[in-house]
Every structure is written in C-alpha cells, then in structure tokens.
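S.K.: In case you want the letters, here they are:
2 protein chains.
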Amino acid sequence: MNAPAPSALTGRRFEVRYRIQAATQAVAEEAAAAIALEQSVEVPLEAVFDAGVRENIVGRVVSVVPEGEGTFVARVALATDTTGDDVAQTLNMLFGNSSMHAHAQLLDADLPESLVAACGGPRFGIDGMRRLTGAHGRPLTCAALKPQGLPVEELARLCYIFAAAGIDVIKDDHGISDQFYSPFAARVPACQAAIRRAARETGRTALYAPSLVGSPKALYAQANLLREEGVGAALVAPGLVGIPVFHELVADHLKVPVLAHPSYSGSVRVAPAFIYGKLFRLLGADAVIYTHYAGRFAYSQAECESIAAAARAPWPGVKPCLPVPAGGMTVERAGELVRFCGIDSMLLIGGSLLRAGAALPERTRQFVQAVADSAAAMPQGAAA
Amino acid sequence: MNAPAPSALTGRRFEVRYRIQAATQAVAEEAAAAIALEQSVEVPLEAVFDAGVRENIVGRVVSVVPEGEGTFVARVALATDTTGDDVAQTLNMLFGNSSMHAHAQLLDADLPESLVAACGGPRFGIDGMRRLTGAHGRPLTCAALKPQGLPVEELARLCYIFAAAGIDVIKDDHGISDQFYSPFAARVPACQAAIRRAARETGRTALYAPSLVGSPKALYAQANLLREEGVGAALVAPGLVGIPVFHELVADHLKVPVLAHPSYSGSVRVAPAFIYGKLFRLLGADAVIYTHYAGRFAYSQAECESIAAAARAPWPGVKPCLPVPAGGMTVERAGELVRFCGIDSMLLIGGSLLRAGAALPERTRQFVQAVADSAAAMPQGAAA
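For the record, the sequence lines run as chains A and B. Quick note on our numbering: the first sequence kicks off at 1 and runs consecutively. Quick note on our numbering: the second sequence kicks off at 1 and runs consecutively.
Keep in mind that a hint or two might mislead.
[Unchecked claim] From the structure, some residues in chain B lie toward chain A, with a derived Cβ separation under 7 Å: (1) E42; (2) L45; (3) D86; (4) K146; (5) V152; (6) S215; (7) E248.
[What the hints assert, rightly or not] Calculated cross-link-like contacts (lysine to any residue; reagent style SDA-like; alpha-carbon spacing at most 25 Å): (8) K319(A) to E303(A); (9) K255(A) to A47(A); (10) K217(B) to A309(A); (11) K255(B) to R333(B); (12) K217(B) to V318(A); (13) K217(B) to E228(B); (14) K319(A) to V58(A); (15) K319(A) to R333(A); (16) K217(A) to T205(B); (17) K319(A) to A309(A); (18) K319(B) to L115(B); (19) K255(A) to Y220(B); (20) K255(B) to P44(B); (21) K255(B) to Y220(A); (22) K217(A) to A118(B); (23) K217(B) to A221(A); (24) K255(B) to S300(B); (25) K255(B) to T330(B); (26) K217(A) to L115(B); (27) K217(A) to A199(B); (28) K217(A) to H253(B); (29) K217(B) to A251(A); (30) K319(A) to P183(A); (31) K319(A) to D85(A); (32) K255(B) to A117(B); (33) K255(A) to K217(B); (34) K319(A) to A251(A); (35) K217(B) to R157(B); (36) K217(A) to S114(B); (37) K217(B) to E303(A); (38) K255(B) to T205(B); (39) K217(B) to A117(A); (40) K217(A) to Q21(B).
Honestly, the hints are just simulated from the structure, not real lab data. We put the CB at the ideal spot given by N, CA and C, even for glycine.
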C-alpha cells in the first residue's frame, strides 16, 4: 500500500494517563500496549502497513509505573493529528473504546494546545462570577429549587426566599427539566421575576440558573428563552446532553455564566479532577458542581482536593473556574467547607436548607452569614 | 407549603433495576432507598412537604433481592411524570446522580410507553437491512476502513476491495472523523464512488457507513453531505456525540440505516444489554456494534447472549435491530460466530482482514464465503 506524503502527518503527540488494574508489571504493560493501539489505529500492529501511520498515528506507551494496591499508571503518547481539534473526536481518542476496558480508568491528559485554543475555557471564570454577583472576599453561596414535582408558583416562591436571604446563585434542581408540572417556558420567567422582586427589595441581584435538559433543538430553544427573559446563568449537565453539545451550547447559544452539573458524567471511570476540573472547565464551565466527601457520595478528601485544585489551576489562556462542592452538604458544615475549599469556591446547599420548612428564610440567612463569618476568620492571605 | 392540585400528577410509575454491591441485605436496602431518593427528588424525605410530591414523585423501592457474590438487584419504581418523555431527562432519572455511586450499576428499565412512542426505534430494523443489502438467510457481513491516518484514496481503495468481494456493509473505523488526512467532505464521495464502481462490476450494492463525529452543527452538516452523495448508511457513537443527540440526528437528519458504535458508551456502569439492545435500539439504531467475548474486551459469553437477545426481542411498535459482535473477531471464528449469534446478526471483522495485506481481496472473499457456508449448515428453523 502507498504511504501518504510524509509531510501530511505532523507527528505531534500529547500525553494521556490511564490507571490500570493489573496483578503484575508485565500484565499492566500488556494492557497499556493494548490501550495505545485501541486508542489510535484500532488494529494489530501487523495490520499497519503504512510507514507514516506507524510512525505518526499509532499510540506509544511512554511508561508504566506501579502505583500500589494492584494499580499502575500508564503514560501513553497519542497523535495530536487524530483529534481533529474536535471535542467529540478528542473524547473518542482519549477513552472511546478503552472505556469498555473494565480495568482501565482515564486519569488525565495534557490536552493539545490547538484544542485548548479552539475551546477557550470559561467566559467569566471566578473573577467574572464575583463581578456579576458582587461577592468578594468569600465563597459564593448557591441554593437549589427542589424537589421536582412542585408547581411553578412554589418554585418561584422558594427562589424569592433564597434571593431575599442573600444567596448569590439559585439553580434549578438538575432533575427539573421541561415536565408538565413546571414547564420551562413558565418556570423561567416566574423564577426570574422572583429574582427581580428580591433585588428591588434588597438592592443586590442574585443569578438564577435554570436547568437546561434535552436534545440540541430543545436546548437551543431553552437558551433563547434565557436570553429573552434576561436570566443571569444556566445549569447544564454535559454528561447528560452530550459533552460536545455542552461546548456548542455554551459557545454559540449562551451569553451568561454556566454551571456544569455532574449528572451521568461517567466520573467513576474518568478521574473527577480531569473531567470536572479540566475538561468541563475547558469546554466553558464557569463553575463545576461535584459531589463532596462525607456527603451522599463516596469521593475521598484527596479526590475533592484534586478537583478544586484542577478547577483553579493556572492554565494559560483558560480562566479558573469555581469548584462547587455539593451532594448532601449542610449549613452546619459551612465553616469546614470554607476552610477546606478556600475563598475561591461556591458552596451549594440543597436539602439541608429545604428541610427547614417554614423556617427556610431564617435558615438561609444563617447559611449566608456562616459563609461570610468563616471567610472573615480565614488567614489574611487566603482571601481572594 | 401548598400542594399542587392532586390531578396535576398522574402517579404513573415505571420500573428500573439496579445492581448494588453491598456486604449485607441491610446495606443493600439502604443503598436502594438512597437511589430511589437520588433518582427522583434528590432531597431527604423530611424535606418533601408536599403530599402530592411524596405520593407521586418520590421513587419507591419495590424489592431488593440477593444475586450472589455480594451483589443485590434492587427494583425501583420511578415516576413517569419526571421523564417528560425526553431522552436526556430519562437518562437523568435512570442514572444521573447514581452514576456517581460506585456501588451501583444500571441494569435495566421498563421504559415508559410514552417515551417508547416518542422515540419509535429503528426505521429499518433487520428486515430493512436485508431488503437494502439483498442479504437473506445468513448474517450480514461488515468490514471497516482503517487504520486512520491513511489518505482518502487509500480508504477508497479498501472500500472498493471490500465491496467487490461481497461485503454487505462497509463502515469507517470509528476513529476516523474529520481529520485533515482524510477529510469528511473528500472521503465520503470517494468511498461512495468506490461502492458504485464495485456495484457496476458485481451487480450488488454494498452500503457505506461513514463515521459521523462532532458537535451537533458538524453532525447535521455531515448528515446533509450523506444525503447529497446518496450514501447508504451511517455510523454514530451515541456515547460520544451525546445519547439525546443520537436520537435527534437519526430522527431529523438521516434517511438511511444507522449503526450504533459503543465508543464512550459507559457500558461498564450500565448493563450492555440495556444500553445497546434496548436504549440505542429504541433511539433508532438499526444495528448495534458491541465488543464480543474472547476478543479484545472482557464481556462474558452470557453478556453477549443477552445483548443479542435484547436487540432482537419482540417489542410492540419497535423493530428488531441487528446485533453486531465485534472487537477482535477473526475470519477463522466466522463459523462459531454464525452459530452463536444466529442468522439475524451482522458479523464485523476489521483488523483480521486487513493484516492480509496484498491478499485482502482473497481473504475478504473467504470471510464472505465462510459466513454463507456456516449459515447454510445451520438447522433449517434457524434461517431468517
């Protein structure tokens, strides 16, 4: 078979890291070699006759290092050319078929410069979120409208209570989409009106982040309604709507900050720090919600540290984004959360507020105050 | 808080089954109760003040039954109202947050009738695929254009060889997207021309299934080009482009049969029989590719049987779809594959053909012949 002109392929590489479960070094090395083929040419090496493809497209194992407890970390150099600077295709190359290898986890990747430039990251980032909410020197606060099943008027009533009590960002529960009991087209104007009413009374404007869920046509229509109603933010779950769709939605259809929700994100197979702190951030999330340790989910303290660190890590050309610990947080933990997550974060409390019932306004003010007090008590250097 | 009018919520339920890893029955029951809340209201029950929501929206555990080896199967009844008959929202309710529960796997679900009616399933199904290819009484045959990195002329040359040798469906490798070394807009017309040339010579027309990868805008443009070029099929990975996008792409933009590819499908956390045989089929896949046992992936024989069974199971209003075992299949295994998968399947062989090099035409004819011979040797009742 004829080789393409050697100049056609650039030979550029980017590094991807996989965690491999294996009993021995030899087994891990075999698995890494299989991943390098699977995530590039997807044929045995003997079936690659073209010298240019062998040299410039076939994935290469850089190293396989034991990590402890029967796990190894494999560094694999993939060809940048194979990604086509496309989000879907990059996922395909990072973990497409190997996502079906039960022994492999996608740990991290040094994403190609060209893809980073094409995606661009958060439009607002941490500074932008502070500017829009007026929240300085402390973590932002966030509350959720739930449970689903409530009618629009009831959700709008909750929205007003949260906004009047000083919450910065009020999001729909991610389970609220366009169900008949609280249709998007009725819910969004009603909740935004509640935000405006609270703003007239308190002098500060909260951001409302409705949950956008659906196929592209529906998502783009929902984004249009957001613009028409002057809504200040949006909540989107990239795993649910499609990770490439998330980026197109943000880049082409939304002019406001975007909170990424982890629903159906596959984070059990992909390291949370990579998918939330790096990938969702690169694709435009201004804040990333994740399930914090000692809540309803099983992440370790170290995992949560790594997510927050990744979301805020210096990255040329890509703004930092707010880590948002969630998933069973309580008002009582506010101080601990502030100390753990630092000033540049957003604290989301859902059910723990709502169980207050008639005392919801008071309970919400306690949350807002606890965050402000805890931030004020932080060592000086920690303030944003 | 005020209850909505009782008539607002229908109270209809559908059953979802989860596999739970737990040491004891009590722990499994606790985990099941947590899933029922997480996948419905996402607040503690004490925070649900509305009687209508408690009665009609909160998920209910139906049973938790030991399965063996520290695993249990939990049956949970979720409220149909919460799905909004939307694909993304249904995923959200099936496994949105619980996909982050490392101890839980989504096993199966009795999808709501209204969603089934809204999605509709395969447009062609097994009968349609036979009609379009003229393949009767035997499994269809499928080959892949690869490795990526080859220029368009070389991919078109392979396409001609496969078509001339009698392959029914020729697909792009799923790793081929719109990279500069074989751009979509050049590759698709060239490969379709190769299909036509072979058809003129042999009198039978193969279907070419280009790989569609990208964000919605790119996908819809690719689908347009398919129509303009008269291409006979398409290959799409729902996990990669977004499961809800897959359905919109099929329903609104493609007039030809669609092969679903398993890339990034999360099938390690969701039972393969459910995601391939039920969900991808419902969303419009006429054929579902999955990694067969004793290939490069670790599925068991029982899992592969269950995928094939689900793809072809009787389902009122939803056509059966072709199971496509793949992932390291060989020409030597053709007979075994025919006997295992039965007549109503499509056998996909990739690298095992391509390693033949100059002998590719001969090797491909052997594959086609082996499938025909093995089907002819099957007991009479097994023929389609």
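S.K.: The structure should be examined with respect to each hint, and the outcome stated for every one.
M.R.: For each hint, the structure was consulted:
no., hint, result
1, E42, "holds, 6 Å"
2, L45, "violated, 9 Å"
3, D86, "holds, 6 Å"
4, K146, "holds, 6 Å"
5, V152, "violated, 10 Å"
6, S215, "holds, 4 Å"
7, E248, "holds, 4 Å"
8, K319(A) to E303(A), "holds, 22 Å"
9, K255(A) to A47(A), "violated, 48 Å"
10, K217(B) to A309(A), "violated, 33 Å"
11, K255(B) to R333(B), "violated, 33 Å"
12, K217(B) to V318(A), "holds, 24 Å"
13, K217(B) to E228(B), "holds, 17 Å"
14, K319(A) to V58(A), "violated, 33 Å"
15, K319(A) to R333(A), "violated, 28 Å"
16, K217(A) to T205(B), "violated, 35 Å"
17, K319(A) to A309(A), "holds, 13 Å"
18, K319(B) to L115(B), "holds, 15 Å"
19, K255(A) to Y220(B), "holds, 23 Å"
20, K255(B) to P44(B), "violated, 47 Å"
21, K255(B) to Y220(A), "holds, 23 Å"
22, K217(A) to A118(B), "holds, 15 Å"
23, K217(B) to A221(A), "holds, 15 Å"
24, K255(B) to S300(B), "violated, 35 Å"
25, K255(B) to T330(B), "violated, 32 Å"
26, K217(A) to L115(B), "holds, 17 Å"
27, K217(A) to A199(B), "violated, 38 Å"
28, K217(A) to H253(B), "holds, 12 Å"
29, K217(B) to A251(A), "holds, 12 Å"
30, K319(A) to P183(A), "violated, 34 Å"
31, K319(A) to D85(A), "holds, 20 Å"
32, K255(B) to A117(B), "holds, 19 Å"
33, K255(A) to K217(B), "holds, 18 Å"
34, K319(A) to A251(A), "holds, 15 Å"
35, K217(B) to R157(B), "violated, 30 Å"
36, K217(A) to S114(B), "holds, 20 Å"
37, K217(B) to E303(A), "violated, 35 Å"
38, K255(B) to T205(B), "holds, 17 Å"
39, K217(B) to A117(A), "holds, 19 Å"
40, K217(A) to Q21(B), "violated, 38 Å"
Checked against the numbered hints listed earlier, the structure breaks hints 2, 5, 9, 10, 11, 14, 15, 16, 20, 24, 25, 27, 30, 35, 37 and 40; every other hint is satisfied.
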